[in-house]
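Enquirer: Chain by chain, the residues:
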Amino acid sequence: MSNEREFSQFYEKYSDKIFRYLYFQTKNFHLAEDLTSEVFTKAWEVWGNIRHDYLQAWVFKVAHNLLVDWYRKKKEMKMPEHFEASYDDNLLEKIQRDEEANLLTRALEVLPEKLKRVAILRFIEGLSAKEVAVILEVSEVNVRVLQHRALVKLKEEMKDGQE
Amino acid sequence: MDKNNQLLKELLIRGISPAEAEQLAYFARKFSYLSTFERSESVKTHFLEKLTRRKEKVIWWPRMFVPAMAFVIVLLVLGAGTVVASQKSLPGEPLYPVKRLSEKVGVIVKPDFEQQIIVRRTEEVRDLVEKKEEPDLVRKTLEDFSQKRKKSDEVNGRFEQSLRNLEEAKEKSSEDERKQIENVLERLDDGHDENGEEVKGEKSEKKGNSEDRSRSSGQED
Numbered sequence: 000m001s002n003e004r005e006f007s008q009f010y011e012k013y014s015d016k017i018f019r020y021l022y023f024q025t026k027n028f029h030l031a032e033d034l035t036s037e038v039f040t041k042a043w044e045v046w047g048n049i050r051h052d053y054l055q056a057w058v059f060k061v062a063h064n065l066l067v068d069w070y071r072k073k074k075e076m077k078m079p080e081h082f083e084a085s086y087d088d089n090l091l092e093k094i095q096r097d098e099e100a101n102l103l104t105r106a107l108e109v110l111p112e113k114l115k116r117v118a119i120l121r122f123i124e125g126l127s128a129k130e131v132a133v134i135l136e137v138s139e140v141n142v143r144v145l146q147h148r149a150l151v152k153l154k155e156e157m158k159d160g161q162e
Numbered sequence: 000m001d002k003n004n005q006l007l008k009e010l011l012i013r014g015i016s017p018a019e020a021e022q023l024a025y026f027a028r029k030f031s032y033l034s035t036f037e038r039s040e041s042v043k044t045h046f047l048e049k050l051t052r053r054k055e056k057v058i059w060w061p062r063m064f065v066p067a068m069a070f071v072i073v074l075l076v077l078g079a080g081t082v083v084a085s086q087k088s089l090p091g092e093p094l095y096p097v098k099r100l101s102e103k104v105g106v107i108v109k110p111d112f113e114q115q116i117i118v119r120r121t122e123e124v125r126d127l128v129e130k131k132e133e134p135d136l137v138r139k140t141l142e143d144f145s146q147k148r149k150k151s152d153e154v155n156g157r158f159e160q161s162l163r164n165l166e167e168a169k170e171k172s173s174e175d176e177r178k179q180i181e182n183v184l185e186r187l188d189d190g191h192d193e194n195g196e197e198v199k200g201e202k203s204e205k206k207g208n209s210e211d212r213s214r215s216s217g218q219e220d
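Chains A and B supply the protein sequences, listed in that same order.
Sequential numbering of the first sequence, starting at 0, is according to numbering that gives the first Met the number 0.
Sequential numbering of the second sequence, starting at 0, is according to numbering that gives the first Met the number 0.
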């Protein structure tokens, strides 16, 4: 299988996951798309040299590092000039109009950053505790503690919201 | 084990009741709804096309040539090193052909380098004699020198240097080599006479010296 085809499959499989991880953390649709492009541009540049057995954890880690970097520098993403970003504005409208999605994202917003990351990775994207531990560079036990705390808070928040 | 059961198990390990764990797992399942939101195919295709085209142009092309470029650089460095190292080589040594080739190139770049080459040949004769190398090598080098000398009409300070080198070689040479060097020196003197007054004076002086020497030896006899 050619490199390009392999990469296309990888992109098809993970790009929405990465986009959602970035979007639900930043709540900035265009930034999430830009960062997603950046993640996969980096992935493409090293595609021939990376191990393909831990791709999911690897690509989430790249996204996580980029996001942390972005938070730290708080600067605009500068994509290369030839890189015309393309945004799916219909998706933005769809998310904004969806009541269930609004309820869930509002609950997520209440969580502190670390719990929010664990919640997105574990409950939305369905990654294992082990993978989340690798991505966030914490122990697996720590992930279990964080996910428990996140769920307790989410439950409280959603019950409050329903009352 | 499916993801829900795994989560339940992990929550139970935390020491909470099964009912509470089930309730928390229920909330966790609710969030999987957000994973149904996906970007359109057109956005993804647009990105992929841009990216792969960019890599073909910007990344693959130079990478393909990295080994070739590295090879050329290594060759250049080795080549330059060999040329530098060859400059002190003597006839019969492995690097000597490189020295001669570099001299040919040097003459093309800088024509008056020819004079330097003539001196070099005499230095080689001197060094070969000093190292007591094969007389054949000395003879060939002397021939090279004579040929170069014939081709060059220019007379300058370097001629004196050549003479000094050959005189030094003569002093340290064996019988056969001495004769060869003397022959060359004689021819050199004759050829040089035709070129200028200054050298004529030197030759006369030399002849005079040798006459004086023979005269004085006669007197001694």
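If you're looking for bench data, these hints aren't it; they were derived computationally from the structure.
Do not rely on the hints blindly, as some may be mistaken.
Stated by the list, open to error - Here chain B is said to cover these stretches of chain A; the calculated rule only asks that three of the stretch's residues, wherever they fall, bring their Cβ under 8 Å from a Cβ of chain B:
| id | segment |
| --- | --- |
| 1 | 4-11 |
| 2 | 48-56 |
| 3 | 60-72 |
| 4 | 100-114 |
| 5 | 140-151 |
Stated by the list, open to error - Here are the computed lysine to aspartate or glutamate pairs in the DMTMM-like style, where the Cα-Cα straight-line distance is at most 20 Å:
| id | chain 1 | residue 1 | chain 2 | residue 2 |
| --- | --- | --- | --- | --- |
| 6 | B | LYS29 | A | GLU99 |
| 7 | A | LYS41 | B | ASP111 |
| 8 | B | LYS29 | A | GLU98 |
| 9 | A | LYS26 | B | GLU92 |
| 10 | A | LYS12 | B | GLU159 |
| 11 | B | LYS49 | A | ASP87 |
| 12 | A | LYS152 | B | GLU21 |
| 13 | A | LYS93 | B | GLU37 |
| 14 | A | LYS158 | B | ASP111 |
| 15 | A | LYS158 | B | ASP126 |
| 16 | B | LYS139 | B | GLU166 |
| 17 | A | LYS154 | B | GLU166 |
| 18 | A | LYS129 | B | ASP1 |
| 19 | B | LYS178 | B | ASP111 |
| 20 | A | LYS26 | A | GLU99 |
| 21 | A | LYS115 | A | ASP159 |
| 22 | A | LYS26 | A | GLU139 |
| 23 | B | LYS150 | B | GLU185 |
| 24 | B | LYS49 | A | GLU37 |
| 25 | B | LYS29 | A | GLU136 |
| 26 | B | LYS29 | A | GLU156 |
| 27 | B | LYS150 | B | ASP111 |
| 28 | B | LYS49 | A | GLU139 |
| 29 | A | LYS26 | A | GLU44 |
| 30 | B | LYS109 | B | ASP126 |
| 31 | B | LYS49 | A | GLU98 |
| 32 | B | LYS178 | B | ASP126 |
| 33 | B | LYS2 | A | GLU139 |
Said to hold, decoys possible - Here are the computed distance ranges between Cβ atoms for each label pair:
| id | chain 1 | residue 1 | chain 2 | residue 2 | range |
| --- | --- | --- | --- | --- | --- |
| 34 | A | VAL140 | B | SER41 | 39 to 45 Å |
| 35 | B | GLU40 | A | ARG71 | 30 to 36 Å |
| 36 | B | GLU40 | A | VAL45 | 22 to 28 Å |
| 37 | A | GLU44 | B | PRO96 | 26 to 32 Å |
| 38 | B | LEU75 | A | GLU11 | 44 to 50 Å |
| 39 | B | PRO66 | A | ASN89 | 24 to 30 Å |
| 40 | A | GLU139 | B | SER41 | 35 to 41 Å |
For every residue, glycine included, the Cβ atom is placed at its ideal position computed from N, Cα and C.
Enquirer: All the hints need checking, so say for each whether the structure fits it.
Expert: Structure-based check of each hint:
no.: 1; hint: 4-11; result: holds (count 4)
no.: 2; hint: 48-56; result: violated (count 0)
no.: 3; hint: 60-72; result: violated (count 0)
no.: 4; hint: 100-114; result: holds (count 4)
no.: 5; hint: 140-151; result: holds (count 6)
no.: 6; hint: LYS29/B <-> GLU99/A; result: holds (9 Å)
no.: 7; hint: LYS41/A <-> ASP111/B; result: violated (58 Å)
no.: 8; hint: LYS29/B <-> GLU98/A; result: holds (13 Å)
no.: 9; hint: LYS26/A <-> GLU92/B; result: violated (76 Å)
no.: 10; hint: LYS12/A <-> GLU159/B; result: violated (84 Å)
no.: 11; hint: LYS49/B <-> ASP87/A; result: holds (16 Å)
no.: 12; hint: LYS152/A <-> GLU21/B; result: holds (15 Å)
no.: 13; hint: LYS93/A <-> GLU37/B; result: holds (10 Å)
no.: 14; hint: LYS158/A <-> ASP111/B; result: violated (98 Å)
no.: 15; hint: LYS158/A <-> ASP126/B; result: violated (101 Å)
no.: 16; hint: LYS139/B <-> GLU166/B; result: holds (17 Å)
no.: 17; hint: LYS154/A <-> GLU166/B; result: violated (107 Å)
no.: 18; hint: LYS129/A <-> ASP1/B; result: holds (15 Å)
no.: 19; hint: LYS178/B <-> ASP111/B; result: violated (30 Å)
no.: 20; hint: LYS26/A <-> GLU99/A; result: holds (16 Å)
no.: 21; hint: LYS115/A <-> ASP159/A; result: holds (18 Å)
no.: 22; hint: LYS26/A <-> GLU139/A; result: violated (27 Å)
no.: 23; hint: LYS150/B <-> GLU185/B; result: holds (17 Å)
no.: 24; hint: LYS49/B <-> GLU37/A; result: holds (13 Å)
no.: 25; hint: LYS29/B <-> GLU136/A; result: violated (26 Å)
no.: 26; hint: LYS29/B <-> GLU156/A; result: holds (13 Å)
no.: 27; hint: LYS150/B <-> ASP111/B; result: holds (13 Å)
no.: 28; hint: LYS49/B <-> GLU139/A; result: violated (38 Å)
no.: 29; hint: LYS26/A <-> GLU44/A; result: violated (28 Å)
no.: 30; hint: LYS109/B <-> ASP126/B; result: violated (26 Å)
no.: 31; hint: LYS49/B <-> GLU98/A; result: violated (35 Å)
no.: 32; hint: LYS178/B <-> ASP126/B; result: holds (17 Å)
no.: 33; hint: LYS2/B <-> GLU139/A; result: holds (16 Å)
no.: 34; hint: VAL140/A <-> SER41/B: 39 to 45 Å; result: holds (43 Å)
no.: 35; hint: GLU40/B <-> ARG71/A: 30 to 36 Å; result: holds (34 Å)
no.: 36; hint: GLU40/B <-> VAL45/A: 22 to 28 Å; result: holds (25 Å)
no.: 37; hint: GLU44/A <-> PRO96/B: 26 to 32 Å; result: violated (47 Å)
no.: 38; hint: LEU75/B <-> GLU11/A: 44 to 50 Å; result: holds (46 Å)
no.: 39; hint: PRO66/B <-> ASN89/A: 24 to 30 Å; result: violated (47 Å)
no.: 40; hint: GLU139/A <-> SER41/B: 35 to 41 Å; result: holds (39 Å)
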